[in-house]
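Q: Here's the letter readout for the chains.
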Amino acid sequence: MTMPAPGSGITKRVVLAAADMDRALTRIAHEILEANKGSADLILLGIPRRGFPLAQRLARKIAAVDDAVDPDLITGQLDVTMYRDDLRRNPTRSPQATQLPPSGIDDKVVVLVDDVLYSGRTIRAALDALADLGRPRIVRLAVLVDRGHRELPIRADHVGKNLPTSSRERVRVHLGEVDGLEGVAADEVVIEDRT
Amino acid sequence: MKHLLSTRDLSAASALRLLDVAEEMSAVGEREIKKLPALRGRTVVNLFFEDSTRTRISFEAAAKRLSADVINFVAKGSSVSKGESLKDTAQTLEAMSADAVVIRHPASGAPARLAASDWIDAAVINAGDGTHEHPTQALLDAFTLRRHWARIGGNASPGTTLAGMKVLIVGDVLHSRVARSNVWLLTTLGAEVLLAGPPTLMPVGVGAWPCTVFYDLDVAIAQRPDAVMMLRLQAERMNAAFFPSTREYSRRWGFDDGRLALLDIMGLDDTVIMHPGPMNRGLEISAAAADSPRSTILAQVRNGVSVRMAALYLLLSGDTHDDDQHDDEPQDDAQRDEPDDNEPHEPLHPLPIPEGRTR
Numbered sequence: 007m008t009m010p011a012p013g014s015g016i017t018k019r020v021v022l023a024a025a026d027m028d029r030a031l032t033r034i035a036h037e038i039l040e041a042n043k044g045s046a047d048l049i050l051l052g053i054p055r056r057g058f059p060l061a062q063r064l065a066r067k068i069a070a071v072d073d074a075v076d077p078d079l080i081t082g083q084l085d086v087t088m089y090r091d092d093l094r095r096n097p098t099r100s101p102q103a104t105q106l107p108p109s110g111i112d113d114k115v116v117v118l119v120d121d122v123l124y125s126g127r128t129i130r131a132a133l134d135a136l137a138d139l140g141r142p143r144i145v146r147l148a149v150l151v152d153r154g155h156r157e158l159p160i161r162a163d164h165v166g167k168n169l170p171t172s173s174r175e176r177v178r179v180h181l182g183e184v185d186g187l188e189g190v191a192a193d194e195v196v197i198e199d200r201t
Numbered sequence: 003m004k005h006l007l008s009t010r011d012l013s014a015a016s017a018l019r020l021l022d023v024a025e026e027m028s029a030v031g032e033r034e035i036k037k038l039p040a041l042r043g044r045t046v047v048n049l050f051f052e053d054s055t056r057t058r059i060s061f062e063a064a065a066k067r068l069s070a071d072v073i074n075f076v077a078k079g080s081s082v083s084k085g086e087s088l089k090d091t092a093q094t095l096e097a098m099s100a101d102a103v104v105i106r107h108p109a110s111g112a113p114a115r116l117a118a119s120d121w122i123d124a125a126v127i128n129a130g131d132g133t134h135e136h137p138t139q140a141l142l143d144a145f146t147l148r149r150h151w152a153r154i155g156g157n158a159s160p161g162t163t164l165a166g167m168k169v170l171i172v173g174d175v176l177h178s179r180v181a182r183s184n185v186w187l188l189t190t191l192g193a194e195v196l197l198a199g200p201p202t203l204m205p206v207g208v209g210a211w212p213c214t215v216f217y218d219l220d221v222a223i224a225q226r227p228d229a230v231m232m233l234r235l236q237a238e239r240m241n242a243a244f245f246p247s248t249r250e251y252s253r254r255w256g257f258d259d260g261r262l263a264l265l266d267i268m269g270l271d272d273t274v275i276m277h278p279g280p281m282n283r284g285l286e287i288s289a290a291a292a293d294s295p296r297s298t299i300l301a302q303v304r305n306g307v308s309v310r311m312a313a314l315y316l317l318l319s320g321d322t323h324d325d326d327q328h329d330d331e332p333q334d335d336a337q338r339d340e341p342d343d344n345e346p347h348e349p350l351h352p353l354p355i356p357e358g359r360t361r
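Protein chains in written order, with my numbering: chain A, 7 to 201; chain B, 3 to 361.
Fair warning: there could be bad hints in the mix.
Calculated Cβ distances over 10 angstroms to all of chain A for the following chain B residues [to be verified]:
no., residue
1, Ala40
2, Leu68
3, Ser87
4, Thr202
5, Asp272
6, Leu316
Here are some of the chain A residues that sit facing chain B, going by a computed Cβ distance under 7 angstroms [as the list claims (entries may be wrong)]:
no., residue
7, Met88
8, Tyr89
9, Pro97
10, Thr98
11, Ser100
12, Asp138
Simulated from the structure, these hints should not be mistaken for lab results. Everything numeric in this text was worked out from a predicted model, so none of it was measured. Where a beta carbon is used, it is the ideal one built from N, C-alpha and C, also for glycine.
Make the full structure from the sequences, and use the hints.
A: So this is what it looks like as structure tokens:
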């Protein structure tokens, strides 16, 4: 499915279509429940921007399996901007809101949710941010795409798809909640390569 | 944004971004661990050539919550002529590799001089210069007003402007840098600004400001403002007879119990009373007004820390040092601010020099 974008030297390749993404998320939801032996003490924290809608989707899938779960009460958003190690090297980023579920995160099983796992630096920042907010019993990591090229000793517990990539390529995750234009279903994962 | 010198040259987009970041910073103040590592290893110098308690403490708390190191430099009583001493001080701070200088100075334009000079490379934040500007005070006032405005409108604070809001600023506008910064910022954010005060305490050229001027407080209140901001009567700057007596000032220009009752009679249930502090209770504001549920005075102090955290964060994070090796990596959620605007601005109409300041 390689098609050059019109008027640019960038080729785009769809690696996960909407249905593939949905299947991967369903599997991750089941894996989370399996690893946790149920939904007890489970909290899903999404990392802005696209981790949060993914966490919401996972929570809905978990609630569909387990009636005792209210998806709104187990999801939250964890902003890691202020904990990044590249604040001085990149243009200024605006922090996003951090919202924790009402139960807090102390002694909970927190699953961090992000769209793409790459260098691992975002997750390192997320672990630091988490430590300032409370003390979870266990922290796990779920990502939609693992594209390799880790720079830190971090790995994901639940992976939607492993994508071997070249560091020249860019992996873009499009989600209806964040990128959706009116009437366009935007769910897909695309690899872009400059040619 | 490299420096924060005035609100006059602040665009609506930059101001809103700062207020939105401040909104996230205020959430940190409610956590158990009220600290973020964002400015670890950076040095912020508080350079105060003029007395201040709350502004200095507020900046210190803001810098410390962002994990910066803070050096308090109280340069009071320096006998060297002003230009020279500022240069020497700046070069000392440069040698100590300060990343940001928070400066309060009795001379209008001192922070701009520091920012435009090549004496120092640090980001300069104006914490009040003469009778010119006090931008972080105006930003915290705007932040407080915006929260109030969003709450009555039933909206979320981030992204909201002050469009449709009517703000009345009362008192000694002539000597007030707070009033000037607020006039520029609040109008930039869409609010309508009204000024009221005795003619002797209105600056020359106030007619050219983007606001309506009233010379009778009760007529101004009849315009049904959404917020009334009382200015401090600056006794230390009163070198001439601006009004016959403090009692007369208090009767005509003070927000007393009668005017507090008037707001209730007029049905202005959502009108708040603001004061930048420190207050002269019983002079420009009565104790009942200052302690009433309408008063936002303590909220203003609280919000000051959040707004100053946002200013320090926005000025000190990011690749401000000409380092363009990352330019080929645009981040989807991080766009560049508008181009740095460090040129000293030629005022459209000269700022009046208060009596007694010239000699």
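Q: Next step is simple, just say for each hint if it's right about the structure.
A: Hint check results:
1. Ala40: violated (4 angstroms)
2. Leu68: Given a closest Cβ separation of 8 angstroms, the condition is violated.
3. Ser87: holds (31 angstroms)
4. Thr202: Holds, since 44 angstroms exceeds 10 angstroms.
5. Asp272: holds (26 angstroms)
6. Leu316: Given that some Cβ of chain A is not farther than 10 angstroms from that of Leu316(B), nearest at about 6 angstroms, it is violated.
7. Met88: holds (4 angstroms)
8. Tyr89: With a closest approach of 6 angstroms, the Tyr89(A) hint holds.
9. Pro97: holds (5 angstroms)
10. Thr98: Given a least distance of 3 angstroms, the restraint on Thr98(A) holds.
11. Ser100: Because about 6 angstroms separates Ser100(A) from the closest Cβ in chain B, which is inside the 7 angstroms limit, the hint holds.
12. Asp138: Given a least distance of 4 angstroms, the restraint on Asp138(A) holds.
Going through the hint list in order, the structure does not satisfy hints 1, 2 and 6.
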